[in-house]
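Between the sequences and the hints, there should be enough to build the whole structure, so can you do that?
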Amino acid sequence: MKDMIRVGSGSAWWGDRVEPAALNAEKGDLDYLCFETMAEATVSAAQVRARRDPSFPGYDTYLDDRMKAVLPHCMKRGTKIISNQGWINPDAAAKRVVQLLQEMGHTGVKVAAVNGSLITEHVLELTDTILENGLPTASLSSTLISAEVYQGAEPIVEALKAGAQIVITGRVADPSIFMAPMMYEFEWDPLDHVKLGQGNGLGHLLECGAQVTGGYFADPGFKDVPEPWNFGFPIAEVSRDGSAVITKVAGTGGQISLQTIKEQMLYEVHDPANYLTPDVVVDFTTAQIEQVGPDRVKVSHIGGKPRTPTLKVSIGCTEGFIGEDMFFYAGPGALRRAQIARKVLEERFKIVNLKAEDIRIDYLGLNAIHGDATPADAPEPYEIAVRVAARTKTREEAAKVGREIDGMAVSGIAHTGKRVPHQDRTREVIGVWSSLVPRERVTPSINYFVS
Amino acid sequence: MKVKLQHVAHARSGDKGDTSNIAVFAYTPELYALLKDQLTAERFKAFYAGAIKGPVTRYEVDNLDAMNFVAQGALGGGVSRSLCLDNYGKALSAAVLGFEIEVPESLRSHLRGQHLL
Chain A
1 MKDMIRVGSG SAWWGDRVEP AALNAEKGDL DYLCFETMAE ATVSAAQVRA RRDPSFPGYD
61 TYLDDRMKAV LPHCMKRGTK IISNQGWINP DAAAKRVVQL LQEMGHTGVK VAAVNGSLIT
121 EHVLELTDTI LENGLPTASL SSTLISAEVY QGAEPIVEAL KAGAQIVITG RVADPSIFMA
181 PMMYEFEWDP LDHVKLGQGN GLGHLLECGA QVTGGYFADP GFKDVPEPWN FGFPIAEVSR
241 DGSAVITKVA GTGGQISLQT IKEQMLYEVH DPANYLTPDV VVDFTTAQIE QVGPDRVKVS
301 HIGGKPRTPT LKVSIGCTEG FIGEDMFFYA GPGALRRAQI ARKVLEERFK IVNLKAEDIR
361 IDYLGLNAIH GDATPADAPE PYEIAVRVAA RTKTREEAAK VGREIDGMAV SGIAHTGKRV
421 PHQDRTREVI GVWSSLVPRE RVTPSINYFV S
Chain B
452 MKVKLQHVAH ARSGDKGDTS NIAVFAYTPE LYALLKDQLT AERFKAFYAG AIKGPVTRYE
512 VDNLDAMNFV AQGALGGGVS RSLCLDNYGK ALSAAVLGFE IEVPESLRSH LRGQHLL
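Top to bottom, those sequences are chains A and B.
Counting from 1, position 413 in the first sequence corresponds to residue 413 in my numbering; the numbering is continuous, with no gaps.
Counting from 1, position 12 in the second sequence corresponds to residue 463 in my numbering; the numbering is continuous, with no gaps.
Derived by calculation from the structure, the hints in this document are not laboratory data.
Hints may contain errors.
What the hints assert, rightly or not - Some, not all, of what chain A presents toward chain B, calculated at C-beta under 7 Å:
#1 Thr120
#2 Leu124
#3 Lys262
#4 Asp271
#5 Ala373
Note that the Cβ used here is the ideal one computed from N, Cα and C, for glycine as well.
Okay, here's the thing in structure tokens:
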């Protein structure tokens with residue numbers, strides 16, 4: 001058994017940069033390279049697209065980009081890959097990876113597809129209550145698009161035990177993707193909550209990629225970061241006892257400091273003593289962190305408590321449409337022109353009988369981001385965008401927003417700047433709700449493909 | 452002396468549904484003690500005014516010199532439903548950097564961004 005493994009990040013979300021993944025594959029000396037590519041609404045959005053576009057294969061639209069960038073290095077080094085790029089079709093993603101491997105001349109590579117997360121057909125039988133509002137999940141039956149369970153690390157470990165060099169999954173809890181190699185290499189028992197607490201806590205530090213190496217962090221004069229255009233993605237040197245040093249490829253920008261580790265440790269966490277994952281309940285309040293070298297922070301003593309009897313289910317539903325657009329003012333008096341323009345739009349929305357569940361008209365440059373939290377004494381900006389958004393039941397209603405903003409071109413206020421209305425200014429809303437399912441009711445299945 | 456929180460602490464926000472967690476990290480343990488005393492959940496919510504519709508829970512994380520504020524009803528009904536340009540509320544954590552903290556002169560050297568004091 002190894003005493004230490006190197007687990008690196010390849011992505012933190014679907015739109016993440018590819019170059020740092022290639023760098024980690026090439027220069028990270030990694031045992032494992034892990035990709036996280038899904039947001040809360042990813043599965044539902046993929047289902048909607050698959051219905052409309054039969055040519056959409058159902059997996060990460062950047063699968064080819066990412067795999068072409070890292071496979072040559074990973075095959076050379078013997079780096080295993082674990083990735084949730086399978087979205088709603090892990091089998092198709094695995095087959096595509098096999099095809100890419102063959103094109104590169106790599107034969108005999110075993111690729112696993114972990115299925116079993118999608119429970120759309122059974123979700124209303126398997127779940128009772130919507131966590132966010134306490135209503136029965138049955139109330140979602142007419143708008144339901146997709147439901148998926150957050151699986152843990154165990155099926156990935158099973159695939160690794162079966163000899164897979166690449167494991168492609170659908171929905172798996174983000175930290176579990178990164179912990180699976182630790183469980184496999186160090187033979188951690190799935191019920192060893194002390195080890196798994198550390199592993200999942202480390203997974204949480206890695207799952208957001210550059211957010212622990214200086215990304216989403218730099219603030220000039222307060223938190224200065226070298227070369228913020230050149231972040232490396234994190235690498236954890238994990239010891240068998242579950243402690244690790246978080247580091248990155250030498251020569252990259254960014255930084256790994258106590259501050260970047262702390263910020264990421266609490267990112268998207270509610271109760272820091274009880275961070276629920278499918279594998280374990282993580283306790284960050286016992287964690288010890290120590291700077292042991294430049295861009296090297298040792299993380300140890302993250303706590304763990306036994307896992308809960310349930311798994312989280314994410315339920316995506318159609319919830320209408322959003323129409324949005326913006327137009328601009330600048331120079332002296334920009335705000336007063338924006339204010340009367342807002343009044344014009346409010347009146348015109350009445351004239352065209354816009355039926356909206358919610359409307360928001362903001363002054364971008366003044367209050368569009370912080371809304372009601374904007375200080376009353378915020379200074380008047382030189383330039384302002386009037387940004388309008390409305391949520392509606394139908395796309396036709398949502399389109400009225402863009403149509404009325406078109407009207408501001410010749411029927412508006414002096415000095416109104418406008419974009420050419422080239423893009424579709426409506427989009428579909430997929431609402432995401434949560435519920436719980438007894439873990440024994442979810443059965444993962446794994447398919448294997450060989451290049 | 453009264454200073455803006457940006458001199459005392461750094462912050463990061465994260466999203467889950469309609470809930471934003473805004474974690475605030477003191478630059479030193481001495482400053483953390485001031486934060487715990489002055490940045491209560493009630494004051495935090497009041498500072499965000501109508502931008503946080505629901506309750507705010509404060510978790511103290513002593514080993515990180517940090518406090519985690521979990522604000523319900525802060526993301527316009529949830530990331531995908533939100534009409535806010537910043538759907539994920541990733542810029543929300545910046546607002547609290549304007550919260551005013553009373554800092555004794557003896558801790559002046561602990562403050563960041565000295566050029567703006």
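Evaluated hints:
The restraint placing A/Thr120 at the interface with chain B is violated, with a minimum CB-CB distance near 18 Å, outside the 7 Å limit. With its C-beta approaching chain B no nearer than about 20 Å, A/Leu124 sits outside the 7 Å limit, and its interface hint is violated. For A/Lys262, the interface hint holds, the least distance from its beta-carbon to any beta-carbon of chain B being 5 Å, beneath 7 Å. Restraint check, A/Asp271 versus chain B: the minimum CB separation of about 6 Å is within 7 Å; hint holds.
At about 4 Å, the closest approach between the beta carbon of A/Ala373 and any beta carbon in chain B falls short of 7 Å, and the interface hint on this residue holds.
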